[in-house]
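K.L.:
Given only the sequences and the hints, what does the whole structure look like? Please build it.
At position 100 of the sequence shown the residue is numbered 100 (this note's numbering), and the sequence of numbers has no breaks.
In short, the hints are calculated from the structure, not lab data. On a predicted model such as this, the values are computed, not experimentally measured, just so you know. Misleading hints may appear alongside valid ones.
Here are the simulated SDA-like pairs of lysine to any residue, each with C-alpha atoms no more than 25 Å apart in a straight line [as the list claims (entries may be wrong)]:
id	residue 1	residue 2
1	K42	G54
2	K90	G65
3	K90	E59
4	K42	N64
5	K104	A133
6	K104	D83
7	K42	L127
8	K90	R101
9	K104	A46
10	K42	A88
Ranges of calculated distance between the beta carbons of each label pair, as one might list FRET restraints [stated by the list, open to error]:
id	residue 1	residue 2	range
11	K90	E121	27 to 37 Å
12	G109	G137	15 to 25 Å
13	G117	G92	27 to 37 Å
14	G137	G54	17 to 27 Å
15	G137	R57	27 to 37 Å
16	G54	G84	14 to 24 Å
Ideal Cβ placement from N, Cα and C applies to all residues, glycine included.
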Amino acid sequence: MSMVSGRFSVSLAALLILMIATCTLAIMPVGAKEGRSVVLVKLSPAQGAVLATGLLRGELRPINGCVYFVDPDGTAYLAAWPDGYSLAMKGGVPIGVQDVRSGKMMEFGIAASFGGGHGSELLRSSLAATIPAGCTGPIMSIHLIRQAKEQP
Numbered sequence: 001m002s003m004v005s006g007r008f009s010v011s012l013a014a015l016l017i018l019m020i021a022t023c024t025l026a027i028m029p030v031g032a033k034e035g036r037s038v039v040l041v042k043l044s045p046a047q048g049a050v051l052a053t054g055l056l057r058g059e060l061r062p063i064n065g066c067v068y069f070v071d072p073d074g075t076a077y078l079a080a081w082p083d084g085y086s087l088a089m090k091g092g093v094p095i096g097v098q099d100v101r102s103g104k105m106m107e108f109g110i111a112a113s114f115g116g117g118h119g120s121e122l123l124r125s126s127l128a129a130t131i132p133a134g135c136t137g138p139i140m141s142i143h144l145i146r147q148a149k150e151q152p
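P.N.:
This is how it looks when you write it as C-alpha cells:
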C-alpha cells in the first residue's frame, strides 16, 4: 500500500509542477516568451540620417530573437533602429524599445505610429552589427512616434 501511495504522490507532484510551469509561461510578458536574448538591430551611428519619413502604423514584436515591426496586415519587417535606441527592460526581460534621448518607450504588442521606411540591401550594409541568423525577412528603418489612440 505504501509503495502505491508513494508512486501516486510522485506522479501527482510531477503533474503539479507541470501545471505550474504551464501557467507561468501563459502569464509571462510577450518579451519573456521570446526569451531574454532579444537583439535590437541598429543602424551604424553614421547612418542615423538614413531614416525615411513615412508614417507607419503597427506594433513591435520580438520574433526569433529580434525586434520586428508588424503592420496591420500581419506582415513582419525586421526593424533597424537609429543610434540612441535600446531595449526597454523590466526585471531583466525585454518589454519593448526605448529612445534613450527622449525617454519615449513602446512596449511590445501595443498599436502605435512609427516613422521610417522600407529598406533594401543598402540598409543592411548600414547596420552597426551583423543580424542574427534567425532574424530574416524584409527590413525597414524605424523610430518611435506615439502610441495609437483607442479606436471607438
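K.L.:
For each hint, tell me whether it holds in the structure or not.
P.N.:
Verification of the hints:
{"no.": "1", "hint": "K42 - G54", "result": "holds, 18 Å"}
{"no.": "2", "hint": "K90 - G65", "result": "holds, 17 Å"}
{"no.": "3", "hint": "K90 - E59", "result": "holds, 19 Å"}
{"no.": "4", "hint": "K42 - N64", "result": "holds, 16 Å"}
{"no.": "5", "hint": "K104 - A133", "result": "violated, 29 Å"}
{"no.": "6", "hint": "K104 - D83", "result": "holds, 14 Å"}
{"no.": "7", "hint": "K42 - L127", "result": "holds, 6 Å"}
{"no.": "8", "hint": "K90 - R101", "result": "holds, 19 Å"}
{"no.": "9", "hint": "K104 - A46", "result": "holds, 22 Å"}
{"no.": "10", "hint": "K42 - A88", "result": "holds, 15 Å"}
{"no.": "11", "hint": "K90 - E121: 27 to 37 Å", "result": "holds, 35 Å"}
{"no.": "12", "hint": "G109 - G137: 15 to 25 Å", "result": "holds, 19 Å"}
{"no.": "13", "hint": "G117 - G92: 27 to 37 Å", "result": "holds, 33 Å"}
{"no.": "14", "hint": "G137 - G54: 17 to 27 Å", "result": "holds, 18 Å"}
{"no.": "15", "hint": "G137 - R57: 27 to 37 Å", "result": "violated, 19 Å"}
{"no.": "16", "hint": "G54 - G84: 14 to 24 Å", "result": "holds, 20 Å"}
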